[in-house]
Amino acid sequence: MVPTSYYVLLSAILFTIGVLGVLLRRNAIVIFMAVELMLNAANLALVAFARERLGVEAQVIVFFVITVAAAEVAVGLALLVAIFRTKRTADVDEVSTLKG
Amino acid sequence: MELLIWLIPLLPFIGFLLNVFVIRRERTAGLVASGMVAAAFVVTLIAVGVLASMPPEERRIVSTAWEWINTGSFQVPFAIMFDPLTAVMALLITGVGALIHVYSIGYMHGDPRVVRYFAYLNLFVTMMLFLVMANNLLLLFLGWEGVGLCSFLLIGFWFERKTAGEAAVKAFVVNRIGDAAFILAMLAIFTYFGTLNFYSEGEGGALGFLERVGDIAGLRVGPNWQPIFVSTAISFLLLIGATGKSAQFPLFVWLPDAMAGPTPVSALIHAATMVTGGVYLMARTEPLFVASFTTQGWVTWIGALTALMAGTAAMAQWDIKRVLAYSTVSQLGFMVAACGMGAYVAAIFHLLTHGIFKALLFLAAGSVIHGTHDTQDMRRMGGLKDAMPITFRTYLIGALALAGIFPLAGFWSKDEILAHAVGHGHTPIFIILFITSLFTAFYMGRQVALIFFGTQRDPSYHPHESPQVMTVPLIVLAVGAIIGGAINLPVLHWLTNWLEPVLHEKAGAFNLWLALIATVGAVGMGYLGWWIYTTNAAKIKIGGKDPIYRYSGDIWEGMAEAWYLDRLYQRTVVAGFERLSDFLARVFDPQGVDGLVMGVGRFFGGLANGLRAVQTGYVRTYALVFTVGVLLVIGFMLWIAR
Chain A
104 MVPTSYYVLL SAILFTIGVL GVLLRRNAIV IFMAVELMLN AANLALVAFA RERLGVEAQV
164 IVFFVITVAA AEVAVGLALL VAIFRTKRTA DVDEVSTLKG
Chain B
929 MELLIWLIPL LPFIGFLLNV FVIRRERTAG LVASGMVAAA FVVTLIAVGV LASMPPEERR
989 IVSTAWEWIN TGSFQVPFAI MFDPLTAVMA LLITGVGALI HVYSIGYMHG DPRVVRYFAY
1049 LNLFVTMMLF LVMANNLLLL FLGWEGVGLC SFLLIGFWFE RKTAGEAAVK AFVVNRIGDA
1109 AFILAMLAIF TYFGTLNFYS EGEGGALGFL ERVGDIAGLR VGPNWQPIFV STAISFLLLI
1169 GATGKSAQFP LFVWLPDAMA GPTPVSALIH AATMVTGGVY LMARTEPLFV ASFTTQGWVT
1229 WIGALTALMA GTAAMAQWDI KRVLAYSTVS QLGFMVAACG MGAYVAAIFH LLTHGIFKAL
1289 LFLAAGSVIH GTHDTQDMRR MGGLKDAMPI TFRTYLIGAL ALAGIFPLAG FWSKDEILAH
1349 AVGHGHTPIF IILFITSLFT AFYMGRQVAL IFFGTQRDPS YHPHESPQVM TVPLIVLAVG
1409 AIIGGAINLP VLHWLTNWLE PVLHEKAGAF NLWLALIATV GAVGMGYLGW WIYTTNAAKI
1469 KIGGKDPIYR YSGDIWEGMA EAWYLDRLYQ RTVVAGFERL SDFLARVFDP QGVDGLVMGV
1529 GRFFGGLANG LRAVQTGYVR TYALVFTVGV LLVIGFMLWI AR
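If you read the protein sequences in the order shown, they are chains A and B.
Just so we're aligned, residue 104 is where the first sequence starts under my numbering, counting upward by one.
Just so we're aligned, residue 929 is where the second sequence starts under my numbering, counting upward by one.
It cannot be assumed that every hint is accurate.
What the hints assert, rightly or not - To be clear about the criterion: a stretch of chain A counts as covered by chain B if any three or more of its residues have a C-beta under 8 angstroms from a C-beta of chain B, and this derived list gives those stretches:
1) 120-129
2) 184-198
Claimed, not checked - To list a few chain A residues with every Cβ distance to chain B over 10 angstroms, as calculated:
3) Gly158
4) Val168
5) Val171
6) Gly179
7) Leu201
Keep in mind the hints are simulated off the structure, nothing from the lab.
Beta carbons are placed, not taken as given, at the ideal position from N, Cα and C, and that holds for glycine.
Just chain B, with the same shape it has in the complex (with noise of 0.2 angstroms):
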């Protein structure tokens, strides 16, 4: 069993070396690629089978491989472990990621450097393995990097677009300031604890962190005028840290410009699993999230505000990825206000639903780029029903399935979250939730229009449906998209009873009136957006305003900008360090670093100028100097030290 769930993250592992070094072919780096990680989503469920098998109390396999550092007290092991939250989440990453790398061989096909892609496709699947599967902070951070490394490759996979590669260091410098933090709270976290480890190593180990967070209760730091609990301090620090991973409020502006990359990337990475790590990591830490009361109130109000922010972006976007990036913000959102308000089943729930149905938007939105060779604005699209019905109807159900319209996977999930919020006296976050959720319902139904209703609004282009290589991924997750709301129905509750044994929640109440009413609201908001965008085709022109914009006015703009946050930013942090770089650069080191290190030269050649003189070159100066020095040390001697 140990060695099962160790050729997980090997098998993509093995992929990604074989298309490193072996590899040229484009047509045998997607099928091994593809193969591996389809291997590894089956070695995924056996491994499940295995859990499934023993006694819920001790379902957690714990396997190291050998001490990775070791250096006094700080020790920590490469360890991996598998537990039930693992698990979901490996069959999350292996059985979207199969289907995307399946996609992608169509969607990359004629690229010059698809086996490149691939290369760093497979070893992005490892690195989430790794930071799914790794039994302490440290392994779960190398899995934390590797991915965002990853998804700064990916992103920067067209690297000879500019906006690419700019997109891509966006992604990697603001992600870095969620890292930072991270690294913080590990550094807290083995100043508390003493160790890194989430669990102990088998029967008779030392205990993990996780299983003694009673031992910082009450521990305060800080100035002696305003202390802080220990655990607000520590899980705070991986607040921020998820803040960064998850695209969270304030440092989400990273996402939406993450879609330059190849689209089954912002797929896989920007919206089904990287993404997700934020919420993996307070679902894991969750005894010390739940040990800060402090910490939940930030948690919950960053999730809804997030949600909010980015949901109100969504619906005025033209660029039919950006649309599904804020949109993707906003329901990780979701999920981090679920978990501020302990309902971690609901957002881990969540997070495998959206996963999914985001996972086949994202990617029917990729075969609609495909078909419309390269047309990602829609003000360019319309009408395309017809010439793409598989990608119409996939579309369609992951947009049902995101606007949460009974009985697609997104209703129950999104259900969940908000009963929760309801059943839990959250009153203020369960209305923003509540018409965060109505607005995601308006925005799908925009895009729907704009791309698949009316009549083609540019003309210049051909549009064709995408390979079956690429549809038949498509009809898959759209079933997934139907269906993936019986892991956790109501009176079933078997994702709740199967996250037991780690998250140590009891199953919610279901509520039907706030169902009834969610659901009548969802329908009615995505009519409204459909509708909107159907009636209002014709005034839809390339370049134009949108049709609300008549109305809303700047608000719409504003809605358009993301509020403006990006803009802060630009205005702020990167004029100043602009500024900054600019003074270093102009004057700080020509002047300062330069001139001290020019100086030390002038110093010594003017120096050495001066002692030129004594270097006539006459022997007979030379004889003379030589004399005199001989009778200074014999005057010395005879009169001074006598």
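Okay, chain A solo, but in the shape it has when bound (with noise of 0.2 angstroms):
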């Protein structure tokens, strides 16, 4: 059986992997993908810990994290939708008029 260390690792991993994401790219699409990857990192490591400690409460919670993640996408990818058409680009640098 593998180890639970390692799943733990594989998923700070793709966490770290989806934080640099958010905050090195500029494409909105890129961004909500990287977003994608740090929940579903998290979802690793509940589900990771589930198998370890033999509970199933984390399980749940995985399903929870996955619903809200599909409903966050369908809000984002609509605002993204209408950012693009009014400002006819996906560069999330070019959205900052609420710059004080």
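Two independent chains are provided; combine them into the complex using the hints.
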């Protein structure tokens, strides 16, 4: 059986890639994908610990996370379409009108 | 009876309300206002009749309408009273007041704001009645401030004229000084007596402070090295209050300027009634004053000094009303000096007769002004006696009464004050007052000569006699000025006996020699004044100097300026205040206040400007800050907060 630490390590790597993706990429769609990556990294950690402890609560939470992530993607993509229609771009740095 | 005495102040108050809210026409306003005051006079007469039918020691009716102020131990009822002193004051106020209201109908005819004028006048009568009828100091103060307000409004009635507005403000501000002392006196009285009531409210009520002056006998306040008697402190504060309202030295400067108001107002407020408020106050709180030897000395000297200063100032005026104004100040000085010497009955007697003949003089002067188309400078008058026969005769009667010629009203009352001064060893005071009374005769002779004798020096107008609505009050007042002295003739002592329950004073002896000398002196000086200004009438030029100026020189200038008291205030108090205001306006406000207010704004503005840089608008920057924050929190939890 694969040790839990491997899963956690993978989860951490995925999360870090996600964070860096959000921070470094400009394309909104890629940022979304990075956010999905972070969510799934969390899911992976949850499932790994659930297996370790032989519990189901964490596995249930994972379903919630997947649901919320789906909803978030739906809203986020809708926003993206709206932004693209007005700005003709998906570059988040172009959407900086709230500058102080 | 209680209802009856409430009617006295309420009738003019109803007139005031009607004039404010209902009446729009000039004619109705005059009739209603005069009618209400006349009705108040009739009610007062009835009340006096009822009072006279009671035994002398019980002649005091106190009536409480409601608890006015009720907070803990500080309780002030809205209570009025009617006793012999109040009765004579109320008779003067409503009687002379009614005549002046009637006269005003003619004098103010055609003015665009007559309704407002009568509303003010009615309010004044109401407030003056509250002043003399109050059974506690606070209600008296209400009337005191009320008449001050009406005085302000009526001096500034023709506010289009700059001088009128300024005079109104001056009167108000100068009176504030006295009022501040009055409030302090009230606080002191409440502290030491626990009540502001003059007398107990009916049978078995708690005693008022005037009935318990013995409580503070021997009590001292102040620093250990110089304690003063409580009675001295309280009565001195009341004295300052009285000097403001009764235009005494050093606060008399407002009264001559107050002549900017309509002439009937000068007659009613600034001669007959309001300015006597201070004298009334001293007579009412007589037990407090008598308890302090020190204050009585101050009262006497302030009165005598004022009488002399204003008497000399009156001699050198050209404005017909300013002569009378300074004369009023001078006569008030007589009354105050009389109070100081303990001759309260003589003071009230002089107050009453002066109220009648000075009202007469002012109204007659108003008739002259009216008949000469708003001429006030006596250099532009002259020879008016044929054009205005009634005004001339009544003016002459008033002038003789003021000069103290036997047997007119002024003779008796002034003689009583002088006789008291001689009889009680106040020789210096007597000399000052006697000289002042000679001056009085002189300036009245001068004024009569300047106005009515000789030839008209300014031919640009045609003088005419005033309408009957103005001359009839003059005639009534002239009769009063002739027979007014009868209320306290030397043998009968009606007024002394009538006021005995309040002032506890026995009649003084009549001094025949003094009366003779005073009359001869008054006749001589009056004739001298008349003679100088009729024989030199040709030398008086419009805008020119007085004939006497050649001989007296700058002393005359000093008299004309009332010994420069006004200028002294102008150069010290007013100039200092203006400099302070200037500093506040030009330096303190822009740099101090604005600096503080704008400084706070600028500080936060600058702070916000610095923080703006954080808000880049780039989502990724926010995300980075967020991540760094999370990392910091995690790091804190892992390594520091373990």
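Worksheet item: Quick check: which numbered hints come out false for this structure?
Response: 7
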